[in-house]
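*Asks:* Dock chains B and C against the given chain A, drawing on the hints supplied.
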Amino acid sequence: MTGGPDLTSGGPRSSVPSPGEAGGSAGERPPALVRHFGLVMAGGIAVTGVLVMLSAAVGTTRVSPADVVAALVGHPVSELHRQVVLELRLPRALVAVVAGGCLGLAGALSQAVTRNPLASPDLTGVAAGVVFCTVSWIASGPTLGATPDQLLLQPTVVIVGGVGGAGTGWVVYALSARRRGDPVALVLTGVVVALLLGTATAFVLMLSPTSATLSAYYWFVGSLNARAWAHWAVLWPWAAITVCAALVGSSRANVLQLGDDVATGLGVDPERTRLGLFLISAVMTAGALVVVGAIAFVGLIAPHVARGLVGHDLRRVQPLSFVIGAALLCGGDLAARSVAQRPLPTGVVTAVLGAGFFMFLLLRRPVPGPSA
Amino acid sequence: MTEKPTGGPSLAAEDVVVRYGPRTALGPVALEFEPSTTTAVVGPNGCGKSTLLRSLARLVTPSVGTVYLDGAAITNLPTRAVARSLAVLPQAPSTPDGVTVAELVEQGRYAHVGPLRMLRRRDYDAVERALEVTGVARFRHRTMDRLSGGERQRAWIAVTLAQEPQIMLLDEPTTFLDIRHQLEILELIRRLNHERGITIVVALHDVNHAARYADRLVALKGGAVVADGPPAALLTPQLIEAVFDVSATVLRDPRTGVPVCIPYLPAGRATSMPDDRPGAMA
Amino acid sequence: MIGLIAALATVALVTLLAGIPALSLPELRDALAGTGDERAALGVRHLRLPRLVLAVCGGAGLGLAGALAQDSLRNPLAGPELLGISSGAATVAAAVIVFEMPVPFTVLPFLTLAGGLLSAGVVLAVMTRLRCPPSSPVLVLAGAALSAAFGAAVTMIVTFGERQEVGAVLRFLTGSLAGSGWPSVRVALPWLAVGIPAALMLARPLNLLRTGDDLAEGAGLAVVPARAAALGLCAVLTAALVAVAGAIGFVALSAPHIARRLLGTTDARRVLPMAAVVGALLLAGADLAARLAFSPVEVSVGLWTGIVGGPVLLAVLRAQLRGSGE
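Residue numbers (my numbering), protein chains in the order written: chain A, 1 to 372; chain B, 373 to 654; chain C, 655 to 980.
None of these hints come from the bench; they were simulated from the model. From a predicted model like this one, the values you see are computed outputs, not experimental measurements. Incorrect hints may appear among the rest.
Label-pair distances were calculated between CB atoms; the ranges are [unchecked claim]:
hint, chain 1, residue 1, chain 2, residue 2, range
1, A, E79, C, L968, 51 to 59 angstroms
2, C, L869, B, R552, 55 to 63 angstroms
3, B, F548, A, L275, 56 to 64 angstroms
4, B, E504, A, V248, 26 to 34 angstroms
5, C, A876, A, R272, 47 to 55 angstroms
6, C, L658, A, R315, 57 to 65 angstroms
7, C, L869, B, E504, 50 to 58 angstroms
8, A, R315, C, F753, 47 to 55 angstroms
9, A, P65, B, E504, 50 to 58 angstroms
Chain B side only, calculated, beta carbon under 8 angstroms to chain A, not exhaustive [unchecked claim]:
hint, residue
10, A445
11, T447
12, L449
13, E475
Every residue gets a Cβ at the ideal spot worked out from N, C-alpha and C, and that includes glycine.
Here chain A stands alone, though its shape is the one from the complex (with noise of 0.2 angstroms):
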């Protein structure tokens, strides 16, 4: 069902499916993955459930499931157990949770955006803006009078980082707009501005005052190390709104995915939409990202993945992607905490999972050129 394009394709078809071939991807019905979205959703929902309860048991202090369940429906527990599950790890799954998801939609929407499998905000710029931002912000937090983590709560960081992500997707979209029509232009110029943003972060950390360094390093490096309430309430407004909006322009984007003259001919201004989307992409990076630091790659599995599940209709494919990217982070975060004598940060298991993703897609088939 997902695969690149059959051997024998361009040529004619050889007749009707023989009545002995049940269905299958001869199909004359739709897949059954795609008929029963609503399934597919609810299994995705479910499997993101199971994490969450996961996470919530698992630790340095054991709590059984059932004492999970207790102390989030508010039966009496020993008050360790609640403090543990309440304050700490449900709020730390719940960011996971939403970050992902925001992260896996913001992966479908660059990835509609530049018409490019390979795309995600990662690799359109964004990231590396919202990370150069924040990190320039926070590491300067001791002139400022304040550590990094506190800074990192105050909702302005979300704005700086929004801006610097905004700002960045914006310069690297007017850099490449020569070929508007190019998708492959705007990946690279956002990988080429990524690795300009990259150095110059890292001279930022290096510039930094030493007591500032080592927190701004650590949320550099993507991490979910108590992430509490306080964290849950810059991400959610953001989240929400952009969400929203993304989920209300999926249609369009649908159209946009069949080129710029056709997108016109059946009425949609594909300038207008393309750039409409980018920037609630990069909002979205922005709001998820500042909360859980530069995390990769999330943006560019879970829209993969959902799109090899239920197909193109990015009516589909988008809700399916903030599922499998929540169920991702989640899952990540639970593997970086249990795998090691210390604990990873879960930046690097995602980095390592979607590099080897990434190099996966790029040798299982050829990548659709701007003709394709």
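*Replies:* Below, chains B and C alone, put in the same frame as chain A:
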């Protein structure tokens, strides 16, 4: 034979000039397209056929002059409103991997759906009709890359049909197709014009197809209109030579009565290249 | 070319003279000869001179590495940075530092080379597997993925290491020539001494590769081995410098472009030597700035190469986007 339905918006280009940088690709051109007519635009490579169609379809804004849809300047109209009356099939459209025929044709309803963008009964009906007329209904759940060239092109026509347009602009819809598929597409286009009264403007590279399937020929060369009229009157050896730089014998098709031209390289000029195209390829 | 060499000589001279303590010409002569102030002599002969030698040779190596990558892949954005070669080499070096592996200094370039070759190999594999043209931006994307993966690896390494290492690793990742003495030169120089002439000898094959794979094959060049050799050599030249000074970016990318612009030609036989000189000048100049600009605090050389190379990179990108290519 039943009467062809008439009525519908008119399309006109008034003093249109299109420039790409220093190069004038088209113009000045003044053309009017009556409702329910079929016009074929012909000419050598680089003559501006594509540019003309693209400006008529508001895919490109003319540097000078205006295109009018039913009396209103097309670039001033909201693009969705235009899409409800006018559909365009660009040259060699590309499809993302894995899109099925049905999913693609549904996109054609974008201009008609309400703010919630849900497809209603009448939208599904329009899609169904489009699939039937173009004969791709039985492929509806097949992905586009698994269709033959002719089937794919018919699917794209179904997309434009789903828009329920009154005007259809097609840019070289028969290029890259084999003979049988070319004729299928042209027959389909003729039926759409005769049975539904859709105004057709189609750019074709084959002059004989143009003569057989269109009521009116517009011949372009170097970005300018050099001839405009019914095929029977227009297709003379002199015109063919002037436009295409080949000498021709014009015969009458025994089956259809339509003029058919047989081209030859002019004697002694076998190695010279036409040199009055307006610069690079359009 | 003469102008550039003169500029290089000037920079070299200034490098030796300037700093703390600043020297005058006669004092420099004495220091080099071994007479005169003992401290000055030490400073010049054991700190500034080796550092200068490293900057010049390493810079030349980087300039050539960039030219090799760009010509063999017909991709103006190619270079050790964007193909993941620098990151690969740097990650290996970071691992050695942080885990305090008992690796003799002279062996380090072998290890960093392994890291660099890994990246080069992956990029070539992607190209062959996809059967895409070498100039395709997909390779840059693959390089970006590699860099990301290596970045994660470095972070993992840092996490498992001691806390104080963060600063050191960052310095390493952005490149620094600080504290490079004769030991560093002794480690890197043999590689550069072999690599630089080898690169210059590849000029003719590179010219052929520039015209296109089919044309080159038709003219009798074994395209695949030639390209592999070019990229391998690129890795060698990069890894040698990375082993002693970290991943200094932007020199390899910009030097060849500056060279081509100055010469007005893309002929590799002329561009390669020019790229080497430009690279040497860039790195020596950047190192000088690093040492002096915020004196006495030393700011990584990578910042300065970035200041020059960044705009060049952007200009190249814009030119590529404007062109009719991808």
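*Asks:* Could you check the structure against the hints above and give me the numbers of any it violates, in ascending order?
*Replies:* Hints 2, 3, 10, 11, 12 are the ones this structure does not satisfy, whereas the remaining hints hold.
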